[in-house]
Amino acid sequence: MTVTVLLFASYADALGKSAIELDVQPGSTVRDLLGKLASMPGGHRLPPRPLVAVNEEYANLHDELRGGEEVAVIPPVAGG
Amino acid sequence: MRVRLLDHAIDVATLIAEVGDDSCGASAVFLGRVRDVNDGRAVSGIEYSAYRAMAEREMETIASEARDSFGVERLIVEHRLGTLGLGDVSVAVVVAHAHRAPALDACRYVIEQLKQRVPIWKLEHYADGTREWVGASTRPANSEMRTDAPVSR
Chain A
1 MTVTVLLFAS YADALGKSAI ELDVQPGSTV RDLLGKLASM PGGHRLPPRP
51 LVAVNEEYAN LHDELRGGEE VAVIPPVAGG
Chain B
81 MRVRLLDHAI DVATLIAEVG DDSCGASAVF LGRVRDVNDG RAVSGIEYSA
131 YRAMAEREME TIASEARDSF GVERLIVEHR LGTLGLGDVS VAVVVAHAHR
181 APALDACRYV IEQLKQRVPI WKLEHYADGT REWVGASTRP ANSEMRTDAP
231 VSR
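Listed in order, the protein sequences are those of chains A and B.
Going by our numbering, the first sequence runs without a break in its numbering and finishes at 80.
Going by our numbering, the second sequence runs without a break in its numbering and finishes at 233.
The hints are simulated quantities; they were obtained by calculation from the structure and are not laboratory data.
These figures come from a predicted structure and were not determined experimentally.
A hint or two may mislead.
Stated by the list, open to error - Covered stretches of chain B (in silico footprint by chain A; criterion: 3 or more residues with CB under 8 Å from a CB of chain A, positions within the stretch not fixed):
(1) 92 to 105
(2) 151 to 159
(3) 187 to 195
(4) 209 to 215
Claimed, not checked - Residues on chain A that point at chain B, a partial pick, calculated with CB under 7 Å:
(5) Ser10
(6) Ala12
(7) Ala78
Beta carbons are placed, not taken as given, at the ideal position from N, Cα and C, and that holds for glycine.
Based on the provided sequences and hints, a complete structural model is requested.
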């Protein structure tokens, strides 16, 4: 199964792209997905526990993925 | 009550006219503007970007919280995206109410929550030609989030 990972701002710069399609095993968690990202080129520049949103809602690291989700990795926000 | 992300200039006068009517004895306005210095560095502009769908959703949630907490129905929040120059208005929160206290309290609440929760980012452009993401330091990513928000663990 695949999920779409969205990266923004400094995290998009770190990985050199703003969207990635990733294959994940059924039963994978958000934490597993972050592990995959961390092992990609530039992934070491992400913090160990970034904020994550799944389908536009803030999520927890142990949340399971079913495939097809939009997973956003969210840098410290700075609006205003 | 409405919220919006904008790719063009915020029209403050129109917002003030839109938000209130003759039943409103008070209109509170907060404007965020691009400042010429940050952390001692001369700033020449700021590029704003967002996770648009989620940002608008979070802005709507905050507006609803303000309505529930302060009893304000007349509230508009607009945030600019794209590249802004010095002095440009980046965000406007306008609230109208019969009385000043709910209008002022709601206005303050909305801007404080927006800065903590809405997925918008600033790429600061400095006078020396360099650029840097604001807040992109090595501290934990959730350090700026409200403590009662569901955060990654």
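Consistency of the hints with the structure:
Requiring three or more residues with a Cβ within less than 8 Å of a Cβ of chain A, the coverage given for the segment 92 to 105 of chain B is violated, as only 0 such residues are present. Counting residues of the segment 151 to 159 of chain B whose CB falls under 8 Å from any CB of chain A gives 1; the rule of at least 3 is not met. For a cut-off of 8 Å, the count of residues in the segment 187 to 195 of chain B with a CB near a CB of chain A stands at 3, and the three-residue condition holds. A count of 3 residues in the segment 209 to 215 of chain B with a Cβ less than 8 Å from any Cβ of chain A is obtained; the coverage claim is therefore met, three being the minimum.
The beta carbon of A:Ser10 comes within 4 Å of a beta carbon in chain B, closer than 7 Å, and the hint placing it at the interface holds. Using the Cβ-Cβ criterion of 7 Å, the hint placing A:Ala12 at the interface with chain B is not satisfied: the shortest such distance is roughly 9 Å. A least Cβ separation of about 4 Å between A:Ala78 and chain B falls short of the 7 Å threshold, and the interface hint therefore holds.
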